[in-house]
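S.K.: The residues making up each chain are set out below.
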Amino acid sequence: MDIATIVGIIAAFAFIMVGVQENIGAMLNAPSAIIVIGGTIASSLIMNPLSEVINTVGVYKKSFVNKIPVPTELIERIVGFAETARREGILALEQAVEDGDDPFMAAGVKLAVDGTEPDLIMDILETEVQFIEDRHKLGSQILADMAVAAPAFGMIGTLIGLVIMLKNMSDPAAIGPAMAIALLTTLYGAILANVLLDPISKKLKTYSSKELMTKRMIIEGIMAIQSGDNPRIVETKLAAFLAPKLRPSSDEGEAS
Amino acid sequence: MDIATIVGIIAAFAFIMVGVQENIGAMLNAPSAIIVIGGTIASSLIMNPLSEVINTVGVYKKSFVNKIPVPTELIERIVGFAETARREGILALEQAVEDGDDPFMAAGVKLAVDGTEPDLIMDILETEVQFIEDRHKLGSQILADMAVAAPAFGMIGTLIGLVIMLKNMSDPAAIGPAMAIALLTTLYGAILANVLLDPISKKLKTYSSKELMTKRMIIEGIMAIQSGDNPRIVETKLAAFLAPKLRPSSDEGEAS
Amino acid sequence: MDIATIVGIIAAFAFIMVGVQENIGAMLNAPSAIIVIGGTIASSLIMNPLSEVINTVGVYKKSFVNKIPVPTELIERIVGFAETARREGILALEQAVEDGDDPFMAAGVKLAVDGTEPDLIMDILETEVQFIEDRHKLGSQILADMAVAAPAFGMIGTLIGLVIMLKNMSDPAAIGPAMAIALLTTLYGAILANVLLDPISKKLKTYSSKELMTKRMIIEGIMAIQSGDNPRIVETKLAAFLAPKLRPSSDEGEAS
Amino acid sequence: MDIATIVGIIAAFAFIMVGVQENIGAMLNAPSAIIVIGGTIASSLIMNPLSEVINTVGVYKKSFVNKIPVPTELIERIVGFAETARREGILALEQAVEDGDDPFMAAGVKLAVDGTEPDLIMDILETEVQFIEDRHKLGSQILADMAVAAPAFGMIGTLIGLVIMLKNMSDPAAIGPAMAIALLTTLYGAILANVLLDPISKKLKTYSSKELMTKRMIIEGIMAIQSGDNPRIVETKLAAFLAPKLRPSSDEGEAS
Amino acid sequence: MDIATIVGIIAAFAFIMVGVQENIGAMLNAPSAIIVIGGTIASSLIMNPLSEVINTVGVYKKSFVNKIPVPTELIERIVGFAETARREGILALEQAVEDGDDPFMAAGVKLAVDGTEPDLIMDILETEVQFIEDRHKLGSQILADMAVAAPAFGMIGTLIGLVIMLKNMSDPAAIGPAMAIALLTTLYGAILANVLLDPISKKLKTYSSKELMTKRMIIEGIMAIQSGDNPRIVETKLAAFLAPKLRPSSDEGEAS
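Chains as they are written, first to last, in this note's numbering: chain A, 1304 to 1559; chain B, 1304 to 1559; chain C, 1304 to 1559; chain D, 1304 to 1559; chain E, 1304 to 1559.
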């Protein structure tokens, strides 16, 4: 559960409500919402293959539920593997992998147990990581493109509203409310882009870089285990991926 | 047939119609359309050689009819060639190529059958791929440039309309409708850019990267066949181009 | 003569006239034109050395008269040189160069005839090409910078017009026409940038890349001739610069 | 204490007050401030992990109190270490490090005293510097993202205010003041972005590059000390990091 | 004296006056000028260390008085040094350097005379050039940042003016003039950015690249002299830095 994402979205709407106050009715207009939300999704369909747009729903949810991986736990786990491999031989790792383990790590360990050539393991896992990175980038990019489309459809809706209003100016009393509705699409476009699309796109980027780092730690760890490294060395190698203050028990290098 | 492109465009206009409602008449104005569409095309003519602008029409259609190549079928086909070459010798491939095959692949196979040096085949095919990539980039770029020009001509049209209106303000009742017409060019420019030009430019980029990937798979496959690789190895090499879950029958590397 | 540039500019103004209709008088205002055109040129003078700004006039004209070099003719010419060199020795090329030939090619041939070291020829010609590229970039960049300055001066003019108008609002009937004139500078700035500056800057970029390609073909050709390559080889080497369908007589590599 | 930051912010508000004059009351509106400041912070929460947003407060303060490191003093200190190491052996440095010293330098000296391999010291310190750089970049980037969000929330607030006003136009006298309040969020967004967020983000970048330079000087110095370099050589090596006029006593290289 | 800078600025203001005509009084408002100019400088203080902002004044003046170095004169001078060194030995250069010479060149010659190792001379001078380049970049960047801040403070001033005006709409006759004053800050911001800041920032970039080229020519020349190159070779090496038509007497390579 990512508290910051949820708190941020709720807070953004709460702060917006400070401006709206009791005028919530004046802010709601179904056609305006349909133009902006529908238009934004439609433009995403034109830009991307259908499957990617559908995928984006899952990607979007990830920004709420993604638990940021705790690298220290991962290091402990890999060091544990290294100890098992040292004591009981690398084949013993087959039993050591558990259901809760990262599937990527499980696959890597299985490759090592099978006696695959180190270079080939490296190749296979690096290719995997490359595809994960590409998939992450695409998900984040689709949301960023939608964050550009939303204000554009907001403006399209406002222009349509203005044209209709200007054509029918016989009743001056109707001008104000008509223009208010016209402006709602611009408002919706701005909120959609600045609360629900662009920030989520950026959060996904942060998640991606953290997840890729753990994948690279796993690769480094498996290579080290396969080459028979001392568990202590494995730990040192993996700790180098972390900021000093996050490192498990390293006494050296505690410079701030 | 690319369903997403067509559905996206139809949906975008449908959502826009939610705002227009019964005022469709107020939204249509031939001179406004001529200024924006004509001006956008004219600016593209100034920017690009004539032949490229004409080419863009064909490129544009491609975003509707392009069937995304199915890489697994391509792998099967190349592995089939590899098996034939293994069993009956590389010369037997001359008969194996069919009319339905990718002409790029056919040309590559012919080069291999002719006993061309591997380095030269590589060179010839890579040069080809480079030109395909450049042509794709240019097509996508022309549409992106038009997506920038369209709102500019929309604004030019609106300014002209406003100037005319402001010069003739004797009849207050005419001001509203005159301004409505002036705004139509801005509206047309925004729709043109955000529905019909920019998203298509982005979809063409996606297509291009997928097509280039299949071309690179073909090159890799032909080089492997010529060097006499085992069909199983050929398949493994080509599968590495795909995301793990798309790979045909590879049991290893199934990490998520 | 570049038909597309001329047709594009004429068409752009024709489409703009569709909006202007019989109100051409309302669109013309000498002071507005002076502010925008003058200000854009003045800002270019501040940005660039005087000589470069003057140079830009010639560069600008080039986008109308530049005939795109026909690379197949160039290949024929170089292959002809290669044949002469083969048959009659490299010294015979001195007579073969004609007045109509590209001066860059003539200089290169002369270097080869003089028996200059290949590395030095390469160096001299590459340096030349580098300077041509820098000069082209600068010309295109100056127009791109002017395309940014034009709307800025358009806005400056409109703000001045608005301030004057707002200070003198005693005669309501004069407000409309005064504001119309104020808007004209914005209109002029938009037309200047989007019809006459930015698209020409982009066309110059296209020309530049085509011209640089022919220069690189010439270098490649002269190096091949000097090293005594077979004319057939020279042709193959140069044909690799062209898109497959443009290549003169190559039967291989006809992949689409 | 960074005088420029504080003077700049105070001056910016003072110059803004020149426009406000006695109308300070008209400029203050609590709900407007809440929308803009709250919305900006909320969007930062959606974009970033919670810990990073909290961190930003400390980073922000740094732009006021950061004393720019004086590299000449640092050079003197390191040269002093080099002299001690020369005279009394490298172990004597353990006593030489003082509490006031840069903790990064203290850690580096400790590594050297412990007889750590030079390559490993290099590795450990470089990794440290890399993390410092990443952390600085992130802090600066969060403020830059907030500088983009602030005007967006300003616009959202203004649109809300306009919609409310347009819906209730029965009392013409209330329109002016209502619109004034609506505009305040845009004003707050502009001030927040252009006085308090974007410039601080840029100042942090400058600090970062200066701090990283001193860290790199420390690494260079420690490596030189460990390899037993003459103090004079150590000084020359470190002086190369400085602009010529800042170098302590170097007589050569005084070119301007 | 850079004529183009001065002529450009005077011309820009002259063209702006074409729009102002006799309404110069309406265009002048001290508080508006204070907000925009003061705010722009204040934001620069927040962004940069105090010393850099002060430095910028000198940098700014440079765009008026900088005489573009004449590289042919420089080549002649260096070739002269080469001849002296050939005839009378390198020590004779000590007397040859004059007060009018570029101090950078004087320092380099002194290093050569002192018999410094070529690699060290190279290092020292390259470091110098690197610092000059960084300093130039910073100066140009500070002006570019101010060119972004000026319109922002223009908008802040206009918003303040609008809010004050909207709060006090009791006297309709006062609305026009009040709004006129409000718009002046936007006008000032646009002029400041587009006439006095952004173009100067770009001119400084051009100067910088020309100055750095002469510095690199000097380094090349000194290295050549120290290694005892023939003056004719020195000249050829330096001429390669120039566009062909600017080269002093080179007969070869005259291709256009």
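Among these hints, one or two may not hold up.
Mimicking DSSO-like on lysine-lysine, the simulated pairs with C-alpha atoms at most 27 Å apart in a straight line are [said to hold, decoys possible]:
hint : chain 1 : residue 1 : chain 2 : residue 2
1    : B       : Lys1513   : C       : Lys1413
2    : C       : Lys1365   : E       : Lys1548
3    : C       : Lys1413   : C       : Lys1548
4    : A       : Lys1513   : B       : Lys1470
5    : C       : Lys1508   : C       : Lys1364
6    : E       : Lys1365   : D       : Lys1540
7    : C       : Lys1540   : C       : Lys1508
8    : C       : Lys1370   : C       : Lys1470
9    : D       : Lys1413   : D       : Lys1548
10   : A       : Lys1470   : B       : Lys1470
11   : C       : Lys1413   : C       : Lys1513
12   : C       : Lys1370   : E       : Lys1548
13   : C       : Lys1440   : B       : Lys1440
According to the in silico footprint, chain C covers these stretches of chain B (three or more CB under 8 Å from chain C) [said to hold, decoys possible]:
hint : segment
14   : 1316-1323
15   : 1382-1390
16   : 1492-1504
17   : 1526-1534
Listed below are several chain A residues computed to face chain B (Cβ distance under 10 Å; list not exhaustive) [unchecked claim]:
hint : residue
18   : Ile1306
19   : Ile1340
20   : Pro1352
Hint data in this document are derived by calculation from the structure and do not stem from the laboratory.
Just so you know, these numbers come straight off a predicted model, no measurement behind them.
C-beta: ideal position from N, C-alpha, C; glycine also.
S.K.: Next step is simple, just say for each hint if it's right about the structure.
M.R.: Tested hints:
no.: 1; hint: B/Lys1513 <-> C/Lys1413; result: 47 Å, violated
no.: 2; hint: C/Lys1365 <-> E/Lys1548; result: 20 Å, holds
no.: 3; hint: C/Lys1413 <-> C/Lys1548; result: 32 Å, violated
no.: 4; hint: A/Lys1513 <-> B/Lys1470; result: 61 Å, violated
no.: 5; hint: C/Lys1508 <-> C/Lys1364; result: 14 Å, holds
no.: 6; hint: E/Lys1365 <-> D/Lys1540; result: 32 Å, violated
no.: 7; hint: C/Lys1540 <-> C/Lys1508; result: 25 Å, holds
no.: 8; hint: C/Lys1370 <-> C/Lys1470; result: 53 Å, violated
no.: 9; hint: D/Lys1413 <-> D/Lys1548; result: 32 Å, violated
no.: 10; hint: A/Lys1470 <-> B/Lys1470; result: 19 Å, holds
no.: 11; hint: C/Lys1413 <-> C/Lys1513; result: 24 Å, holds
no.: 12; hint: C/Lys1370 <-> E/Lys1548; result: 24 Å, holds
no.: 13; hint: C/Lys1440 <-> B/Lys1440; result: 20 Å, holds
no.: 14; hint: 1316-1323; result: violated (count 0)
no.: 15; hint: 1382-1390; result: violated (count 0)
no.: 16; hint: 1492-1504; result: violated (count 0)
no.: 17; hint: 1526-1534; result: violated (count 0)
no.: 18; hint: Ile1306; result: 26 Å, violated
no.: 19; hint: Ile1340; result: 8 Å, holds
no.: 20; hint: Pro1352; result: 6 Å, holds
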